[in-house]
Amino acid sequence: MLGGAPAGKRERLIGKGQAFPYEREFPGRRHPSSRSFPMNTPTSFHACVADDAISKVSRLFNATFEDIFAELFQNARRAGATQISVSQIDYPNIGPVICLIDDGPGLNDPRDLFTLGQSAWDEDVQSMEDAAGMGFFSLAGRRVRIIAQKQGTPQSWMIDAQPDSFGGTVPITCNDGPANHDGTTILIATKANESYVAAANHAARYLPFDVMVDGVRVERKDFLSDAEHIEEWNGIRIGIYERGPISFRNNETVNFHGVTLYGRLPSVGQEFHRSYYARLDVIQCTDIKLVLPARKEIVENAFMDELRTHISTIFYQLIKAAGPHSLSYDNFKRAAEFGIHLPPAAMQLRVFEPSHADSDQNGYGKVEVIDADDVVFDSEGGAIEEQNLAFALSAQRAETKLYDPKVGFEGYDWYDQLARVSVKGYRIIGDTDTVCVEPGKRHTMIERPDQLEIHCTLSDAPLTEEWTLATDWLIFGEDDWGLDEVDIVVTKASKATSADLVDFLEHALFNPSDDSEAGSFDQQQRWFRDEAEDLAINMLETSLEAQINAITRVIDRELYWLRRQDQIITVIIGKGRIDVSGLATQQVTAAE
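The end of the sequence shown is residue 793 by this note's numbering, with every number in the run present.
The reader is advised that the hints may include incorrect statements.
The calculated lysine to aspartate or glutamate pairs, modelled on DMTMM-like cross-linking and capped at a C-alpha distance of 20 Å, are [as the list claims (entries may be wrong)]:
| # | residue 1 | residue 2 |
| --- | --- | --- |
| 1 | Lys351 | Asp304 |
| 2 | Lys602 | Asp575 |
| 3 | Lys567 | Glu600 |
| 4 | Lys602 | Asp661 |
| 5 | Lys642 | Glu611 |
| 6 | Lys422 | Asp482 |
| 7 | Lys696 | Asp661 |
| 8 | Lys392 | Asp365 |
| 9 | Lys521 | Asp661 |
| 10 | Lys642 | Asp681 |
| 11 | Lys422 | Glu267 |
The set of hints was computed from the structure by calculation and includes no laboratory data.
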């Protein structure tokens, strides 16, 4: 074994007067393998912390006042303080500082504060709160002075730490402090433009004692004050809410003895009934552990799995007590796995509302109680298909009412047995021929047809049948295309007005661009409707009427101030000239 060989043997193996390869490359440093370590013999060793690990402590915390106050307030609470005051002052030889004063018992040994990983708390505190002896290092990188009572005496210490002292490169000085100093005072040098009031208020909200910030008492709160239901389990208060954690600041779902953080907790949503969310207030629980050192995450362990199961069980118990529900079938089965046997979801669905090309305009149909004879619209088509079908249904005043599907209900007998309708194609019937067009395909027409039909399949569990709907107009083409990329067909006998058709085209085709150069929503909508109006009038009337309408629209929109009952204005356009008369006694001629 080279590492453990006698010096003479090492010289023979390496060569007398030659440096070890690692030493040639890095003079004065020993490669780890140069230590005596058995290379071929089974052995064991212990994990340890490298000597220079202390130099990295400034990166254990993010150095914000939110972290600092959270840790220092916790230390004061554990020490037995009954109040804390926080203020900003100018301190001799340091300058602007945050002054934090507590009325606790002081310190037993100042070195405990600056020994990373050493916790001086008693066994109960360490077990209950997972105290790790790292919180004071949230001050790393700052100039700090501590004046602390020597526990049980009228004397005190004055401890000074420079920004680099926490990394072990600059010594920490400890001298006698003023006599009869009660509790602990911590002076923290501030950086330019730092604000601390909001952070101090935030950290103090759920402490069991008063905190004064700039002379104002922070309002103490119950972490579960807005809960609709509270249950205590294994030293944890579980609060149940209807709204989700996104409504809580920083998504805070767990209060761990005053430290608030986000914890991944279960939730249960329903289609048409209230949802259920949870927050936790940890009181006396030794099984919840936080990820160190920052303590902003919960350690995943078997207890957390058990806790999540218990929370879900509470949800299902409350749902059962509430009566009718609209849980997905998967959640319905999950409740049974937890021993909560629920009736099937209530027979309710939303009335079918066709989607719009602009999804922001989509609405929600009314939730209604249904029966076994009702029909679900089951199709993968988009706005064009749904708008085509919805118009045909409304035009025929069809007795059949369609309902939106709910995939989450698949598995319930009542839902699986409902009839489904889906669009299979379109039929164009003219004087001499009939053409079938698949959904999503284009078909250009020169003349208006005699009839238009939508062919659907109506199916329930045992049977499938055809269902045909006559309609006055159809759009052929793919979704997400404009007026120029689709074909619009209107029957000869249609009584539709151009205004009706424009609204229909807007619902099925208008999807504004979010490109900054495309214009505002209102501008894009106006341009689309103008083009659709010209197209509709051209189809339903004549191209001449479309041109007249376009001119009238420009005058109404741009020259509305000319429309007065006491004057008649004549505009003649021709041969490169625009002549206007009627504005005054003489004719006004525009320049060529």
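Structure-based check of all given hints:
{"no.": "1", "hint": "Lys351 <-> Asp304", "verdict": "holds, 13 Å"}
{"no.": "2", "hint": "Lys602 <-> Asp575", "verdict": "holds, 7 Å"}
{"no.": "3", "hint": "Lys567 <-> Glu600", "verdict": "holds, 17 Å"}
{"no.": "4", "hint": "Lys602 <-> Asp661", "verdict": "holds, 15 Å"}
{"no.": "5", "hint": "Lys642 <-> Glu611", "verdict": "violated, 31 Å"}
{"no.": "6", "hint": "Lys422 <-> Asp482", "verdict": "holds, 12 Å"}
{"no.": "7", "hint": "Lys696 <-> Asp661", "verdict": "violated, 35 Å"}
{"no.": "8", "hint": "Lys392 <-> Asp365", "verdict": "holds, 16 Å"}
{"no.": "9", "hint": "Lys521 <-> Asp661", "verdict": "violated, 31 Å"}
{"no.": "10", "hint": "Lys642 <-> Asp681", "verdict": "holds, 13 Å"}
{"no.": "11", "hint": "Lys422 <-> Glu267", "verdict": "holds, 18 Å"}
Checked against the numbered hints above, the structure breaks hints 5, 7, 9 and satisfies the rest.
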